[in-house]
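Top to bottom, those sequences are chains A and B.
Under this note's numbering, think of the first position of the first sequence as 1, with each following residue one higher.
Under this note's numbering, think of the first position of the second sequence as 1, with each following residue one higher.
FYI, nobody ran anything at the bench for these hints, they're computed from the structure.
Keep in mind the model is a prediction, meaning the values are calculated, not measured.
Using N, Cα and C, we set each Cβ at its ideal position, and we do this for glycine too.
Misleading hints may appear alongside valid ones.
[Unchecked claim] Partial selection, computed: residues in chain B whose CB lies under 7 Å from chain A: (1) V175; (2) A177; (3) A181; (4) W182; (5) A187; (6) P191; (7) F196.
[What the hints assert, rightly or not] What the simulated footprint calls covered on chain A by chain B, stretch by stretch (three residues with Cβ under 8 Å from a Cβ of chain B suffice, anywhere in the stretch; the number is not a length): (8) 68-82; (9) 111-122; (10) 130-141.
Okay, here's what each chain looks like letter by letter:
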Amino acid sequence: MWGPSEARFPGGWTVGERVGHTRGDFLRRTLIAGGILGGGALIGAWPEGADSAPSAKQDHRILTFALRLELLQVAFYEQGAAALQGELLEFAEVVGRAERAHADFLRSHLGGETGNEGRFEFGDTIRNAKTFAAKAHLLEETVTAAYIGQGANLTASLIAGFGELTSVEARQAAWISDIIGKNPAPHAADPAMTAGEVVTALRDAALLGQ
Amino acid sequence: MSDLTLEQIDEDGAIQEGIAALYGDTRADLFRKAALGGTAILAALAGPPAAFAARSKTRDVAIFQFGLNFEYLQSTFYTEAEQVGTVARMNRQKAFWAKTLGAHERAHVAIIKKVLGSAAPKKPSFNFRGNTDTESQFTKTAVAMEDLTTALLTGIAPTLEDRHLTAAAFSLLTVEARHAAWARHLAGVVPIVRAFDRRKNLDEVDRIVASTRFISSLRPKTTTKRRPRYTG
C-alpha cells in the first residue's frame, strides 16, 4: 500500500513564528450554559460563558462533563450487553472497553476531583437488541457532537489528548451507524452540540433522568 | 445509484450555506448559523479569504496549506476511482461509501481553497500507481489514507494558534475518523483500533505521504474525463 519514499508535497509547509490573536469573540459565542442530569440527580453544572478564556477552572468543568458522559456510556454498554449477540455484542464489548479507558484518562486529568460520579440505570430502555442499537447510535452521535463543541475551549495542553479521544467517539458513531443501516458519515463537517442540547437529547431518549 | 450531490451529503445545507456565507454574510451571522447548524468548520473560517490570510500569516496558514495538499490527495484519489470505473463495479453499499467519501473530500478542498484564497497552493499531479484500479487495492489504500488523515487532524488541532481553526479541526477530524471506521467496517476489520487514536505531526505525515510516491510530476492517467458531481 504505502510504498518506498520518493515524492513529496510540492510547496511543503513551514513553521513560522507564533501569531497572537483574540479568542474572546469566538469563545463568548461558543461557550455554553446548561447542566447534565444522571438518574434524576444533578451531577454537574455547566458554566455560563462570561469568563470564557481557556483556564484550568474551565478545563475542570469540561472534563467533569465529559467524564459524566463516559460513565454514562460505560454503564450503558455494561447493562446492555446481556441482551446482545453477534456483532452488536462485539460492538458493546469493544466500545465499552474504550469508554472505560476514556473515563480513566479524564479522571487522571481531574486529579481525583471528580465529584459525585453518580449511577446510571437504564432498565427496560435497553433490554432488547433493537432498542439497544438505536439508543447506542443516539448516544455515540450525541457524545461526538458534545466533544466537537468543547475541544477548542480547553487549554492547549489538553487539546491533543481530548482530540485522540474525540476521534474514537466518532469511529464508534460510524460503526453503530453502519450496523443499523444509517449513513456513517452524514456530513462533510460534523456538527457540534451545546451542553444544553446534549442534556435534552439524552433526556428525550430516556438515557438521563429529568 | 445516481451520483451523489452536495445536497445529499449536506443534509442541513450547512456547507452550501457556509460557502456562500464566506463571501456574503457578516461574521456574526455566520457564527449564529454555525451555532444552530453546528458547522464549526465554517464558523472557524468565517470571513473572506483575504481576512483569513491577513490575520494568520504564518503557522496557521502554513498548516492549512499542508491540509489542502492532503485534501487534494484524497479528493483526487476518490475522484479517479470513479473516473476509471472502479466505483461503478462495486456493490451498491460499497459504491455509496466511496462516493460519499469523495464528495466529502471535494467539499473540504472547496472550502479550504476559498479560505486560503491566493495563499492556496496549486493542485499537484498525482499517480496512484494502480491503487484506484481495483476494488481491493482501492479499499486498502482508502483505509490507510483515512486513518492517516484522522491522525493528521488530531495532530493539527492542538498546534493551531487560532481557536476558530481548532474548532474546525475537531469538526473535520471526526468526519475523517468516521470515514476510517466506515472503511474498516466494510473491509471486515474492527473499526476501532484503540481507545485513543494516535496523532501524527506534519513531519510524520509528510514522510508517509512521500513514501507512497503518489505525488507525481506527471498528470494522472485515467480512462475517462467524466467528472463526478461537485468536484472542488
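At a threshold of 7 Å, is the proposed contact between B/A177 and chain A supported by beta-carbon distances?
-> holds (4 Å)
Would the stated hint for B/A181 survive a check requiring a Cβ distance to chain A of less than 7 Å?
-> holds (4 Å)
Given coverage of the segment 130-141 of chain A by chain B, checked by CB-CB distance under 8 Å (3 or more) = Result for this restraint: violated, n = 0.
Would you check whether B/A187 satisfies its interface hint, that is, whether its CB is within less than 7 Å of any CB in chain A?
-> B/A187 check fails; min Cβ-Cβ to chain A is 12 Å, beyond 7 Å.
Can B/F196 be said to touch chain A, with a Cβ gap under 7 Å?
-> Hint holds; B/F196 Cβ to chain A Cβ min 4 Å, cut 7 Å.
Can we keep the B/V175 interface hint, with Cβ of chain A closer than 7 Å?
-> Holds. Min distance 5 Å.
At a threshold of 7 Å, is the proposed contact between B/P191 and chain A supported by beta-carbon distances?
-> Hint holds; B/P191 Cβ to chain A Cβ min 4 Å, cut 7 Å.
With 7 Å as the cut and Cβ atoms as the points, is B/W182 at the interface with chain A?
-> holds (4 Å)
Stated coverage of the segment 111-122 of chain A by chain B [criterion: 3+ residues, CB within 8 Å] = violated (count 0)
Tell me if chain B covers the segment 68-82 of chain A under the three-residue, 8 Å CB rule, please?
-> Not satisfied, violated; 0 residues make the cut.
Figure legend: structure checked against the earlier numbered hints; hints not met, in rising order: 5, 8, 9, 10.
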